[in-house]
Amino acid sequence: MTKPDLSVTIAGIHFRTPLIAASGTFGYGTEYLDVVDYSAIGGIVVKGLYLEPREGCAPPRIWETPSGMLNAIGLQEVGIEKFVTEKMPRLCELDTSVLVNICGSSLEEYAELARILDDVDGVSGIEMNISCPNVHEGGILFGCDPNMAARVTEAVKKKTSLPVIPKLSPNVTDITAVAREVEAAGADALSVMNTIPAMAIDVETRRPRLKNIIGGLSGPAIRPIAVRLVYQTANAVQIPVIGIGGIASHEDALEFLLAGASAVQIGTMGFVDPSVWRKTLDGLEDYCRRHAVAAISELTGAVET
Amino acid sequence: MTKPDLSVTIAGIHFRTPLIAASGTFGYGTEYLDVVDYSAIGGIVVKGLYLEPREGCAPPRIWETPSGMLNAIGLQEVGIEKFVTEKMPRLCELDTSVLVNICGSSLEEYAELARILDDVDGVSGIEMNISCPNVHEGGILFGCDPNMAARVTEAVKKKTSLPVIPKLSPNVTDITAVAREVEAAGADALSVMNTIPAMAIDVETRRPRLKNIIGGLSGPAIRPIAVRLVYQTANAVQIPVIGIGGIASHEDALEFLLAGASAVQIGTMGFVDPSVWRKTLDGLEDYCRRHAVAAISELTGAVET
Amino acid sequence: MRRDEKATLVERRALSPDASLLCFRSSFLASALRPGQFTMVRLPEAEGLLLRRPYSFCDAEPDREQFSLLVKEVGRGTRALARLPEGAEVDCLGPLGSTFTMPAPEHRPVIVAGGVGIAPFLAFSRALRAAERDATVLLGGRTAHDLYLREEFEALGMDVRCATEDGSFGEKGRVSVLIDDALAGPVQLYSCGPTPMLVKVAELARERGVAHQVSLERRMGCGMGCCLGCVVYTSEYVRCCSEGPVFDADSIQWDRDRHPL
Amino acid sequence: MRRDEKATLVERRALSPDASLLCFRSSFLASALRPGQFTMVRLPEAEGLLLRRPYSFCDAEPDREQFSLLVKEVGRGTRALARLPEGAEVDCLGPLGSTFTMPAPEHRPVIVAGGVGIAPFLAFSRALRAAERDATVLLGGRTAHDLYLREEFEALGMDVRCATEDGSFGEKGRVSVLIDDALAGPVQLYSCGPTPMLVKVAELARERGVAHQVSLERRMGCGMGCCLGCVVYTSEYVRCCSEGPVFDADSIQWDRDRHPL
Ligand SMILES: Cc1cc2nc3c(=O)[nH]c(=O)nc-3n(C[C@H](O)[C@H](O)[C@H](O)COP(=O)(O)OP(=O)(O)OC[C@H]3O[C@@H](n4cnc5c(N)ncnc54)[C@H](O)[C@@H]3O)c2cc1C
Ligand SMILES: Cc1cc2nc3c(=O)[nH]c(=O)nc-3n(C[C@H](O)[C@H](O)[C@H](O)COP(=O)(O)OP(=O)(O)OC[C@H]3O[C@@H](n4cnc5c(N)ncnc54)[C@H](O)[C@@H]3O)c2cc1C
Ligand SMILES: Cc1cc2nc3c(=O)[nH]c(=O)nc-3n(C[C@H](O)[C@H](O)[C@H](O)COP(=O)(O)O)c2cc1C
Ligand SMILES: Cc1cc2nc3c(=O)[nH]c(=O)nc-3n(C[C@H](O)[C@H](O)[C@H](O)COP(=O)(O)O)c2cc1C
Ligand code: FES
Ligand code: FES
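Taken in order, these protein sequences are the chains called Z, X, S and V. Under this note's numbering, the residue at position 90 of the first sequence is numbered 90, and the numbers go up by one with no gaps. Under this note's numbering, the residue at position 132 of the second sequence is numbered 132, and the numbers go up by one with no gaps. Under this note's numbering, the residue at position 141 of the third sequence is numbered 141, and the numbers go up by one with no gaps. Under this note's numbering, the residue at position 46 of the fourth sequence is numbered 46, and the numbers go up by one with no gaps.
This is chain Z alone, in the form it adopts within the complex (with noise of 0.2 Å):
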């Protein structure tokens, strides 16, 4: 048999091999690069940016739970002027596709985010995390308002040519209706998901573990979880859906993909083993052998119900 296809085009971006490194874990795209084999990796999506730099939240900021882990950074970031002249250039010389996240705290802001990034070298995607307050309607996120979702990607989409790609929260009750909505607004794709708000307690000092009190879980622990939602999602729109969530071995991508992910990303457990990407692409290419399948392609949405 021929070598399987494992490379993935979504929304007109080629990514050579369907790992993906998810926002937050990968910094901004090198620092990895003597423990980690790239060539296992298909695209970078780089720590969510927003206009101006941030101090993010005071520590602790992480905490180990079972099987998962709580993050409360607060999206400490360089700003995307600094982004721009100083991380870009270096992103550019690896020989991936490259996501940039994105954050706001008012429609301008993600709007403003994208008219930059339109005309930056090497940028192939906009993943906008949606899961960000918006001052301007109480704080209220934009992720978790199929109202909102769809204004704010229609927002973006009209600053921008790039292909654009809501990353959705798992916090709502029914995700097709915001998937549905920002579908309409002209996503390119969708990211399914983000973390999952969770806390934990230091019971002798009783102090949260975490100085934000609340923090968002990844990890293992919510696969179920994620994969349910891209199960859901993927039947709900035509887009695209890239699946995310604790994945950590090729059994779990192949989860996503059959739940209807055309590509993942892998995020926590890029920490905890950086072989993870390469284990993880051999295990996809044996399994497509094994299975007969001539590209990862095929086996999207392949789940038999």
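To be clear, the hints were calculated from the coordinates, so they are not data collected in a lab. Heads up, a few of these hints could be off.
Derived list of chain Z stretches under chain X, where covered just means 3 residues or more per stretch with a C-beta under 8 Å from a C-beta of chain X [to be verified]:
hint, region
1, 67-74
2, 111-121
3, 150-161
4, 220-231
5, 250-259
Computed from a predicted model, the values in this text were never measured in an experiment. We put the CB at the ideal spot given by N, CA and C, even for glycine.
Following the hints, put chains X, S and V with the ligands in place on chain Z, whose structure we already have.
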């Protein structure tokens, strides 16, 4: 130091310990008699009941996930009549408080169950599972809409003088909205939380691990999410909150109490370790002694933020 | 009377590349168990395992305070159990579930076992021997390796007949090829193994009007009748852990349960 | 150059009821590490551990292809590591982070270490010795048990002075009681230990105008600069794993970070 008081009173119901068996995980109360130390159990919530017996979902019904389990039992149960005549008498022989968990596919069904239970000897209170689909309103879950949750609470309250405890679903954007509405509708306490919809796939056969495709995730994996929801709920309402989700040790129980719970329920971990009851209670007692806590109820909401 | 007992692994014997016989010490379980029953095993410290796993009691030696489990490695839990170092302790909840019942005096017992389905029958054969009953034991497997414990059955004086799919031992084919011959005369059938085999045996037994006790496997959460995760369809869903694992084969509606695991 | 290396535990030595010195074999790490750096360790099969745990390199013997870690048991991860059987393999990502730098020729190095904060200084003392520098080493602990590796420092010819809170060895009190004496003359301070101790040492050093390198501990997710979980406040949040763990103590705004762990 004198023995700390580990009993709690919630909505007028006395529980001799703050550890309650969660609905659907302790059968009709007597199954564990020879292997569990019942003196450590403050109360038992029986398997969810509809008016009529139900067959439940086709198997496979369960699957293990990282630090958690999926289930789609589909509320197989004996119906209220058989429960009252066959199960309740045996429950009465146990020296513990009994909550009956009810489910309906319409407002009327909930109300009728409440009316019947009002007259049944030995029932201390009603826990309302509002994660059941409302067949009259297109299958939407009662528990995910604040208004519907309030209406069903009201309907049940009208038919019974027993304390009524809605059990909230985690599958909402803002649990405090639901909590406040059901409080206003007369709820005497709240149980937080039920399982989280989730899914897993056997990648070799490409079939979902559960025949029902989607099931509920429980166990330690979801604990940080449950602690957060208890914290948010307890800060939003005046009525007591019962914390549920992945409790495996006294530290875990303490997290819920400190976050704002007045008692906790244990489900999945009772399957894994029948001695979890005794060990957790002993651990709570030891903690109270070490921290000079005279009554466990002092710990409710004592997190220092 | 059931308990959650600590049992110490005293001996491990490889039976094939992926199956082992594990001998544990626990005086309570060794005397309390009845053939056909099972135990829910919890491992110490095994990576990320949450739920216990069910295993049939394979053999019991109450005098030596020992019982054994036959374990086939199919996933994380079975692998971790099979590789436990001698001296390790596990938690065994049991004995659980229903038992095989003795055949009526006029019935010759015929046991049909495929692969790891052989497990519950060593203890049962010992009980038959103690009652001075002879039995025919039909063992099937993919290859000679999978005819676990054949010699033990022979040592008990059972009439053992084998079939392997690759023909490497005994008849070539599935264990069902051996049944026809064995069903002559008044017979009580006992079976355990892969579902397709059980279905076939059940069909044959029903056609011939032969009484048939079958031991079923389902995913189990609690083993105690509480989670309703393990159900089998009869005229309704009944619990494999409580009403079973040994059922009257005639009561099972096989077509309601195509992919039970 | 960093790698994720397999390292084999070749020797374990108990130093106190809850601290051990673990010696691992890895030729790459033993030669690549520099004093002050750390490694992120992943255990095999340890129950339910997800994230790696950071440990300072305690000592290095490049010729024997070995390095050691000093581990104090405070939770599940440290306990599991400290109890690993000899021969076990762990994954060690490293060497990571910044290093202690050699004191200027005119400065006498003074090391202040509390409890498990002693760890990074054995390798550093060896480096000082190799450069023919003498150092004063102030060790503090709750009790005599906690003055880990005192004899090793003495064997290197360092001027070791001790304090214990219970007075069971050396001066009675915290290690800070020893500092005043040690700061006479031109000095370069190095410190590692519990935050309150570090704050005190830093205040004193600042008052006296003494240069001071401090090694900090923060919860770490990746150790590679990617999660931003480990931050320390200077004039902004900087990463303990990448800009640190060794910082110029003057750059730290201690009041921004009261309960960092
Ligand atoms: C009453 C009873 C008696 C049993 N007796 C024995 C025995 O004596 N020896 C023995 O080796 N095994 C026995 N089993 C099967 C054994 O319990 C499973 O093989 C085991 O639970 C799988 O765990 P795992 O972690 O290795 O597999 P997992 O990693 O959980 O799953 C691996 C594969 O095994 C399948 N599987 C999961 N649960 C079960 C299950 N309960 N039964 C069968 N397959 C399952 C899954 O669908 C999956 O494809 C028995 C099961 C039951 C219900
Ligand atoms: C750069 C660096 C070097 C270190 N060097 C050593 C060393 O040489 N020897 C050694 O024994 N320890 C060292 N530590 C501390 C060690 O990493 C922690 O003790 C360990 O991570 C705790 O893991 P656990 O699973 O045992 O504890 P957990 O069960 O995770 O937590 C137990 C307690 O330890 C605290 N804790 C959690 N993470 C850390 C952390 N990163 N640092 C300190 N406390 C923590 C928690 O707040 C909690 O109260 C170092 C830490 C860092 C950041
Ligand atoms: C430390 C950390 C920082 C993160 N930062 C961001 C971020 O800046 N923007 C974003 O959209 N998601 C962020 N995420 C979420 C991840 O991109 C991902 O959606 C989530 O972690 C689930 O995937 P995982 O389980 O593989 O980690 C962050 C996650 C972690 C653990
Ligand atoms: C097998 C199983 C069956 C359950 N059945 C019910 C039920 O009938 N009614 C209900 O309100 N909750 C039911 N639950 C949810 C539990 O009561 C509990 O809310 C949930 O499992 C979280 O707690 P845990 O993590 O301690 O198990 C069930 C859970 C499990 C695992
Ligand atoms: S395994 Fe739980 S009811 Fe049978
Ligand atoms: S530990 Fe992740 S950035 Fe430092």
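We went through each hint and held it up to the structure:
Only residues whose beta carbon comes within less than 8 Å of a beta carbon in chain X count, and the region 67-74 of chain Z has 3; three or more means the coverage holds. Remark: the region 111-121 of chain Z is not confirmed as covered by chain X, as 0 of its residues place a Cβ nearer than 8 Å to a Cβ of that chain, below the required three. Judged by the Cβ-Cβ criterion of 8 Å, the region 150-161 of chain Z is not covered by chain X as claimed, because only 0 of its residues qualify and three are needed. Closer than 8 Å: that is the beta-carbon criterion, and the region 220-231 of chain Z has 9 residues meeting it against chain X, so the requirement of 3 holds.
Check result for the region 250-259 of chain Z against chain X: holds, 5 residues qualifying (beta carbon to beta carbon below 8 Å, three or more required).
This entry does not satisfy hints 2 and 3, going by the numbered hints stated previously.
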